[in-house]
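Here the protein sequences come in this chain order: A and B. Counted from 1, the first sequence has number 240 at position 240 by full-length UniProt numbering; the numbering is strictly sequential. Counted from 1, the second sequence has number 109 at position 109 by full-length UniProt numbering; the numbering is strictly sequential.
Honestly, the hints are just simulated from the structure, not real lab data. Wrong hints could be hidden among the right ones.
[Stated by the list, open to error] Below, a list of computed lysine-lysine pairs in the DSBU-like style, where the Cα atoms sit at most 30 angstroms apart:
(1) K252(A) x K299(B)
(2) K97(B) x K174(B)
(3) K144(B) x K270(B)
(4) K52(A) x K270(A)
(5) K97(A) x K239(B)
(6) K252(B) x K97(A)
(7) K3(B) x K3(A)
(8) K60(B) x K258(B)
(9) K298(B) x K67(B)
(10) K239(B) x K258(B)
(11) K174(A) x K156(A)
(12) K68(B) x K74(A)
(13) K3(A) x K68(B)
(14) K3(A) x K255(B)
(15) K52(A) x K258(B)
(16) K270(B) x K74(A)
(17) K97(A) x K3(B)
(18) K52(B) x K68(B)
(19) K3(B) x K74(A)
(20) K239(A) x K97(B)
(21) K3(A) x K67(B)
(22) K258(B) x K144(B)
(23) K3(A) x K174(B)
(24) K68(A) x K3(B)
[What the hints assert, rightly or not] Pair ranges (Cβ atoms, derived):
(25) P274(B) x P158(A): 51 to 57 angstroms
(26) E47(B) x K258(A): 40 to 46 angstroms
(27) K298(A) x S5(B): 29 to 35 angstroms
(28) Q260(A) x E47(B): 41 to 47 angstroms
(29) K258(A) x D75(B): 37 to 43 angstroms
(30) Q321(B) x P158(A): 33 to 39 angstroms
(31) E296(A) x E296(B): 23 to 29 angstroms
(32) K68(B) x K3(A): 53 to 59 angstroms
(33) K298(A) x E257(B): 53 to 59 angstroms
Treat the numbers as computed from the prediction; the structure is a model and nothing was measured. From the three backbone atoms N, C-alpha and C, an ideal C-beta is built for every residue, glycine too.
2 protein chains.
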Amino acid sequence: MLKGSQTWIFDSRPEILSTGVTGGPFEAAGNLAGDFDILHDDLWMGEETYEKAHSLLIEKAVDTALKKGGVTGKDIQFFLAGDLINQITPTSFAARKAEIPYFGLFGACSTSMEGLALSAFILNYGGAEYILTGASSHNAAVEKQFRYPTEYGGQKPPTAQWTATGAGVALLQKNSGLGTLPYITSATIGKVIDMGLTDPFNMGGAMAPAAVDTISAHFSDTGRDPSYYDLIVTGDLAKVGNSAAYELLSNKGLKIEKGQFRDCGMMLFKEDQPVQAGASGAGCSAIVLYGHLLNELKKGTYRRILAVATGALLSPLTFQQGETIPCIAHAVSIEMDGRQ
Amino acid sequence: MLKGSQTWIFDSRPEILSTGVTGGPFEAAGNLAGDFDILHDDLWMGEETYEKAHSLLIEKAVDTALKKGGVTGKDIQFFLAGDLINQITPTSFAARKAEIPYFGLFGACSTSMEGLALSAFILNYGGAEYILTGASSHNAAVEKQFRYPTEYGGQKPPTAQWTATGAGVALLQKNSGLGTLPYITSATIGKVIDMGLTDPFNMGGAMAPAAVDTISAHFSDTGRDPSYYDLIVTGDLAKVGNSAAYELLSNKGLKIEKGQFRDCGMMLFKEDQPVQAGASGAGCSAIVLYGHLLNELKKGTYRRILAVATGALLSPLTFQQGETIPCIAHAVSIEMDGRQ
């Protein structure tokens, strides 16, 4: 049901039956290693190219979610997913292996919540029994495409972010009525916001206004206030974008406690890992949400999370052509009644 | 409502209120010039880059659809669209101007029907009052990315296709009950199909099995047979793929008349235009469907159309890495009760 101008309320509360979360060596050395299903100890993962390794991350995340959910690919109606690579080939190649009817999505690092919002809508109205949705990135594949091959050793400013290696996939189903699984209650779809910033090494700063626009719209559309959520977590604003977004939200009169407003890009890696402002990449919010945060929800650390995945919709070409960086954010509410 | 394994039936029959169709000089010299709203007489369209011209095609198609529909951007809840350019920047940049909550899609040349299927689903269940959806391509922007800059004058084999320049956008609404507009009755979402073909200059041949898989699934899921439709039209299989698909469908026992099975890629340009096997590009099916075919539907030439947009999910990188070409097709049924 549409509520306000850009929010859906999911009365039937579609559930997250299971998830699959895969990562690379840098994630294995990070803060959240215990929340991954599979961690690879090198970036090649036994493949010939980084892009094939990227596909493998998705395939393994899909396999894991299916296995944990106790269903097979044939039970799943749709797969909604995307990544950052040109023509999202790692995801499409993984979809070829999965043999599930497929919607390719591109929302840069907002793809995770674009997919979760659409999947929840489809399930809420009986458009499927089961849906798989997710997003992913691979540090070396993404860095060589957007910036330099990592082997080149290019230096980066402190505002830059480290592209996460990993895939996060969720297997969704209609509400089972058992009350033991996390469920989706609403989603707010973002507009493209462009404040005229042009620095591709400060995407967090560029994306912060998009996150703020979507978060404000979410509260305005739902009539809720921030106290409804134990946690409002952005996708990958990292240090620079997180503090900018917090200030902008405060200026808008939204009272959010500092500890209640976190960022996936600041949670994934340890303080002493050389990731500049934090993590990024389409996989970042998918990994942290479908791994760590759902685990915390199941433990009872949180009861209601607003997950706001943020995306910078630029390309190397638009940067070279002197364009500014259009950004977007989509927010999805995930709740759970008790501990699992 | 899900019917069978991969088909949605839209009981409330969302309508196409209006469309906007823009094109370039080659389209102006083609078969369907009279079905465009705006035709540009050169590929630059007054812009500094082909990519900006690409965005302009989308912006003008959106403006036209809104104007013809008698609504403003503020009335529209969502914009679902995509294109072929890396990170679909022409569409995202157009979405920035439109200021409408935005879902970026990537399904290569299947994007038009991926967007129409999702939009119809959302409208069918009250997830929006109005939705804009569409797809686009720009010959020079796409050719330079996937093959060579057109200025280079690279030669192509007869199986190659000519990337269309243009954008097709549809403005959808809930069924008005007036019975004077085309409406959407079902959609079948395709799987990724890869028969091991590797020649990027024969995408029609590569995509034909995906079209056949989705068309077969559509009839199997709905219990309809091909005689239900006056026209089954594929996106851009062009000459090679069209005859391959027709043969594959016949082999599956689906009785389709030759005149009832057409292809947008064989309709757009004149026989004497140097387009080898025909037209292609994400804009091709969007232009032909939202322009010419809806006009024919309104004239009464057709009453029921199954539009099957086909996409080749490769990239220049996957080709260089020796990968085969995964393909997909999504089918949407568009019907109209009488002449407008």
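These are the hints, each one checked on the structure:
1. K252(A) x K299(B): 53 angstroms, violated
2. K97(B) x K174(B): 25 angstroms, holds
3. K144(B) x K270(B): OK: K144(B) and K270(B) at ~24 angstroms, within 30 angstroms.
4. K52(A) x K270(A): 27 angstroms, holds
5. K97(A) x K239(B): At roughly 29 angstroms apart (the allowed maximum being 30 angstroms), K239(B) and K97(A) satisfy the hint.
6. K252(B) x K97(A): Since the Cα atoms of K252(B) and K97(A) sit roughly 24 angstroms apart, the hinted pair holds (cutoff 30 angstroms).
7. K3(B) x K3(A): 28 angstroms, holds
8. K60(B) x K258(B): Violated - the C-alpha atoms of K258(B) and K60(B) are around 36 angstroms apart, more than 30 angstroms.
9. K298(B) x K67(B): 19 angstroms, holds
10. K239(B) x K258(B): 13 angstroms, holds
11. K174(A) x K156(A): 45 angstroms, violated
12. K68(B) x K74(A): 43 angstroms, violated
13. K3(A) x K68(B): 27 angstroms, holds
14. K3(A) x K255(B): Distance of about 46 angstroms is beyond 30 angstroms: violated.
15. K52(A) x K258(B): Given pair K52(A), K258(B) is violated - Cα atoms ~41 angstroms apart, limit 30 angstroms.
16. K270(B) x K74(A): Outside the cut-off at roughly 44 angstroms; violated.
17. K97(A) x K3(B): The given pair, whose Cα atoms are some 24 angstroms apart, holds under the 30 angstroms limit.
18. K52(B) x K68(B): Holds: K52(B) and K68(B) sit about 24 angstroms apart, inside 30 angstroms.
19. K3(B) x K74(A): Judged against 30 angstroms, a Cα distance of about 15 angstroms means the pair holds.
20. K239(A) x K97(B): 29 angstroms, holds
21. K3(A) x K67(B): Roughly 26 angstroms between the alpha carbons, so the hint for K3(A) and K67(B) holds.
22. K258(B) x K144(B): Judged against 30 angstroms, a Cα distance of about 35 angstroms means the pair is violated.
23. K3(A) x K174(B): 16 angstroms, holds
24. K68(A) x K3(B): 27 angstroms, holds
25. P274(B) x P158(A): 51 to 57 angstroms: 53 angstroms, holds
26. E47(B) x K258(A): 40 to 46 angstroms: Between E47(B) and K258(A), where Cβ atoms are some 45 angstroms apart, the hint holds.
27. K298(A) x S5(B): 29 to 35 angstroms: The hint (29 to 35 angstroms, Cβ to Cβ) holds, given that K298(A) and S5(B) are roughly 32 angstroms apart.
28. Q260(A) x E47(B): 41 to 47 angstroms: 45 angstroms, holds
29. K258(A) x D75(B): 37 to 43 angstroms: 38 angstroms, holds
30. Q321(B) x P158(A): 33 to 39 angstroms: 34 angstroms, holds
31. E296(A) x E296(B): 23 to 29 angstroms: 56 angstroms, violated
32. K68(B) x K3(A): 53 to 59 angstroms: 29 angstroms, violated
33. K298(A) x E257(B): 53 to 59 angstroms: Between K298(A) and E257(B), where Cβ atoms are some 57 angstroms apart, the hint holds.
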